[in-house]
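Based on the sequences and whatever the hints tell you, model everything.
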Amino acid sequence: MPTSWSDSAEKAPAGGVGATTRASRTNYVPPHLRNRPPSVDTTSAPVSHYGAAVGNGHQGHGGPNPTGIRSGGPRNDSSGGSSSRGGGAWNNRNNGWDHGRARESNPFQDELDTEEAFGAQENTGINFDAYDDIPVETSGKDVPAPVNTFAEIDLGEALNLNIRRCKYVKPTPVQRYAIPIALAGRDLMACAQTGSGKTAAFCFPIISGIMKSSQSGPRAPRVPRMAFPLALILSPTRELSLQIHEEARKFAYQTGVRVVVAYGGAPINLQLRELERGVDILVATPGRLVDLLERARVSLQMIRYLALDEADRMLDMGFEPQIRRIVQQMDMPPPGLRQTMLFSATFPKEIQRLAADFLSTYVFLAVGRVGSSTDLIVQRVEYVLETDKRSHLMDLLHAQRANGDQGKQALTLVFVETKKGADALEHWLCINGFPAAAIHGDRTQQEREYALRSFKSGKTPILVATDVAARGLDIPHVAHVVNFDLPNDIDDYVHRIGRTGRAGKTGLATAFFNENNSSLARPLADLMQEAHQEVPAWLSRFAARSNFGRNRRGGGRFGSRDFRRDTSFNRGGMDSYGGGHINNGYVASGGYSGGYGPTTVTSAWD
DNA sequence: AAAAAAG
Numbered sequence: 351m352p353t354s355w356s357d358s359a360e361k362a363p364a365g366g367v368g369a370t371t372r373a374s375r376t377n378y379v380p381p382h383l384r385n386r387p388p389s390v391d392t393t394s395a396p397v398s399h400y401g402a403a404v405g406n407g408h409q410g411h412g413g414p415n416p417t418g419i420r421s422g423g424p425r426n427d428s429s430g431g432s433s434s435r436g437g438g439a440w441n442n443r444n445n446g447w448d449h450g451r452a453r454e455s456n457p458f459q460d461e462l463d464t465e466e467a468f469g470a471q472e473n474t475g476i477n478f479d480a481y482d483d484i485p486v487e488t489s490g491k492d493v494p495a496p497v498n499t500f501a502e503i504d505l506g507e508a509l510n511l512n513i514r515r516c517k518y519v520k521p522t523p524v525q526r527y528a529i530p531i532a533l534a535g536r537d538l539m540a541c542a543q544t545g546s547g548k549t550a551a552f553c554f555p556i557i558s559g560i561m562k563s564s565q566s567g568p569r570a571p572r573v574p575r576m577a578f579p580l581a582l583i584l585s586p587t588r589e590l591s592l593q594i595h596e597e598a599r600k601f602a603y604q605t606g607v608r609v610v611v612a613y614g615g616a617p618i619n620l621q622l623r624e625l626e627r628g629v630d631i632l633v634a635t636p637g638r639l640v641d642l643l644e645r646a647r648v649s650l651q652m653i654r655y656l657a658l659d660e661a662d663r664m665l666d667m668g669f670e671p672q673i674r675r676i677v678q679q680m681d682m683p684p685p686g687l688r689q690t691m692l693f694s695a696t697f698p699k700e701i702q703r704l705a706a707d708f709l710s711t712y713v714f715l716a717v718g719r720v721g722s723s724t725d726l727i728v729q730r731v732e733y734v735l736e737t738d739k740r741s742h743l744m745d746l747l748h749a750q751r752a753n754g755d756q757g758k759q760a761l762t763l764v765f766v767e768t769k770k771g772a773d774a775l776e777h778w779l780c781i782n783g784f785p786a787a788a789i790h791g792d793r794t795q796q797e798r799e800y801a802l803r804s805f806k807s808g809k810t811p812i813l814v815a816t817d818v819a820a821r822g823l824d825i826p827h828v829a830h831v832v833n834f835d836l837p838n839d840i841d842d843y844v845h846r847i848g849r850t851g852r853a854g855k856t857g858l859a860t861a862f863f864n865e866n867n868s869s870l871a872r873p874l875a876d877l878m879q880e881a882h883q884e885v886p887a888w889l890s891r892f893a894a895r896s897n898f899g900r901n902r903r904g905g906g907r908f909g910s911r912d913f914r915r916d917t918s919f920n921r922g923g924m925d926s927y928g929g930g931h932i933n934n935g936y937v938a939s940g941g942y943s944g945g946y947g948p949t950t951v952t953s954a955w956d
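Quick note on the working numbering: the first sequence kicks off at 351 and runs consecutively.
Hints listed in this document are in silico derivations from the structure and should not be mistaken for laboratory results. One or more of the hints may lead you astray.
Unchecked claim - No farther apart than 16 Å at their CA atoms in a straight line, the calculated lysine to aspartate or glutamate pairs in the EDC-like style are these: (1) 517 / 597; (2) 562 / 507; (3) 809 / 792; (4) 739 / 865; (5) 769 / 817.
Said to hold, decoys possible - Simulated restraints, written as ranges between beta carbons of each label pair: (6) 455 / 738: 42 to 52 Å; (7) 752 / 504: 52 to 62 Å; (8) 730 / 782: 20 to 30 Å; (9) 617 / 745: 17 to 27 Å; (10) 706 / 895: 34 to 44 Å; (11) 783 / 596: 47 to 57 Å; (12) 748 / 795: 31 to 41 Å; (13) 596 / 499: 24 to 34 Å; (14) 887 / 774: 27 to 37 Å; (15) 774 / 651: 46 to 56 Å.
Remember, it's a predicted structure, so these values are computed and weren't measured experimentally. Every residue, glycine too, gets a C-beta built ideally from N, C-alpha and C.
Laid out in structure tokens, this is it:
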């Protein structure tokens, strides 16, 4: 199995403006396939990392002290599978949240269960070619050069050890570029395809930065029962925050960096207790964070890192006021005094413009075709009348069941438009002999998390979901995404189908299309064409028809929503972007829309 | 019009 995805990749011209590089002959090894690590005993290797890593401790447990020299002896590592740590390094560690860390459970344990349930991962038949020749683009001032290996980056031994524990062999494309940029302290707007390792891309630099500055950074004030996180990671759904937290905990394991999650629908007291134990990195959904801020249980004044996952979603109409409030109207340091990183697979232009408010001279990074689906997903569109949808779904599921191997559960994720629709379809599937669960915003948080677990484990291999599950969730083994109801926005479609075809695996996405979706015809047809999918002739006819009234549909969002926009960043070839303008750190409209190929239409920015 | 996010 290829382990080196980018050994021959060119370095991006440092200092270039509008630099464009193409990682040549790459063999991308996605996260979940990196289970052939060099044989390192990752659990017993002594840790010797730079000096002291630090917990941002609560004062009650001996938190930050003005000398910068942390007290406390070697930690009691009862859960890490190693009884003797590598000596002195641990001795200067801050044990500000000793109690918390003594309890730090091994976050790598859960992995094993899933692997067992689904059997060993196959490493054959993966289409690594899909990652060859992946277009990468950076723009901004003095863009740091990408790296080819984790070893090239000074992340620190403790973090490197966790990377090995995660079985990451080589950085993914977005990681190769984003990590050096972030480590250089630069603000970043990063676009990368679904399932390409974005979480690690912003977590590694944050964890590393917190570790490195542990003795030099300013000290948090001592305020009883108030937590002072150094980093804030916001995401649009509770389950995604949960997932980021789980992942970040792995990366931060035994680094002394403490990660806490806070989201709604769960008992706040548990979260408050966790916060009181000390928090370096806070992962949160906006609503619960605002609550915590209002209760004065969290202060953002020490924030040095701000990461928005699914950033375009976080800045769209529904979320923007809340995000502005958190980022601009509380006590968070302004751009320039904090490092801000925005990540998403899609990034509409108008949202990019909005995002500039939160950034300071940032680097724009695009890996792959922005807003595009990956070639690993086979996309099908079928014309299905509203009244026929259920029986059609049944046919698909029957066929799938017939084809599927006995032991292997092929997970199917079915997206519907409404919460009521999700309930109804789940019920209907169940009474027709298909074990299904449903997840949507009217379910209790317990029900939501149970449904997701039940789906992941294969207990209910069908999950009916609203858009709550459309973004970011990493659910291994989803073989099929069905858009029972198509979304109105092509970006939502991109995120939905991105739940399959992850980690280098192929996936299937089937959409039920009818007259109700005519507004999506054109963007959908365009997207499929870019992804080298077969576009049915009838869909093209729909597209041509909707094209006629296209100017009208702009009225919905931000005055003009340009459906042509950036679904294919690469339509005319990424290389042609070389002339892009940089204006105050962001890509100006002229450069942005220029070079986008034959279908270029007036930019929404113009 | 719907979904999400606080309770």
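Here's how the hints hold up against the structure:
1. A C-alpha spacing of about 13 Å is found between residue 517 and residue 597, which places the hinted pair at or below 16 Å, so the restraint holds.
2. Restraint check: the Cα-Cα separation between residue 562 and residue 507 comes to about 12 Å, which is no more than 16 Å; the hinted pair holds.
3. A threshold of 16 Å between alpha carbons decides the hint, and for residue 809 with residue 792 the separation of about 22 Å lies outside it, so the pair is violated.
4. Proposed proximity of residue 739 and residue 865 is supported: the alpha carbons are some 13 Å apart, at most 16 Å.
5. Distance check on the hinted pair: residue 769 and residue 817 sit about 9 Å apart at the alpha-carbon level, within 16 Å; holds.
6. Separation of residue 455 from residue 738 is about 49 Å and conforms to the stated range, judged on CB atoms against 42 to 52 Å.
7. At roughly 53 Å, the beta carbons of residue 752 and residue 504 sit within the given window of 52 to 62 Å.
8. Here the CB-CB span from residue 730 to residue 782 is close to 22 Å, well matched to the stated 20 to 30 Å.
9. In this structure the hint that residue 617 and residue 745 lie 17 to 27 Å apart at CB is violated, the actual value being about 43 Å.
10. Hint check: residue 706 to residue 895, Cβ distance near 36 Å, so the stated range 34 to 44 Å holds.
11. With their beta carbons about 33 Å apart, residue 783 and residue 596 fall outside the hinted range of 47 to 57 Å.
12. The hinted range of 31 to 41 Å is satisfied by residue 748 and residue 795, whose Cβ atoms lie roughly 33 Å apart.
13. At about 25 Å, the CB distance of residue 596 to residue 499 agrees with the hint of 24 to 34 Å.
14. At roughly 33 Å, the beta-carbon separation of residue 887 and residue 774 lies within the given 27 to 37 Å, and the hint holds.
15. Checked against the given bound of 46 to 56 Å, the beta carbons of residue 774 and residue 651, roughly 48 Å apart, stay inside it.
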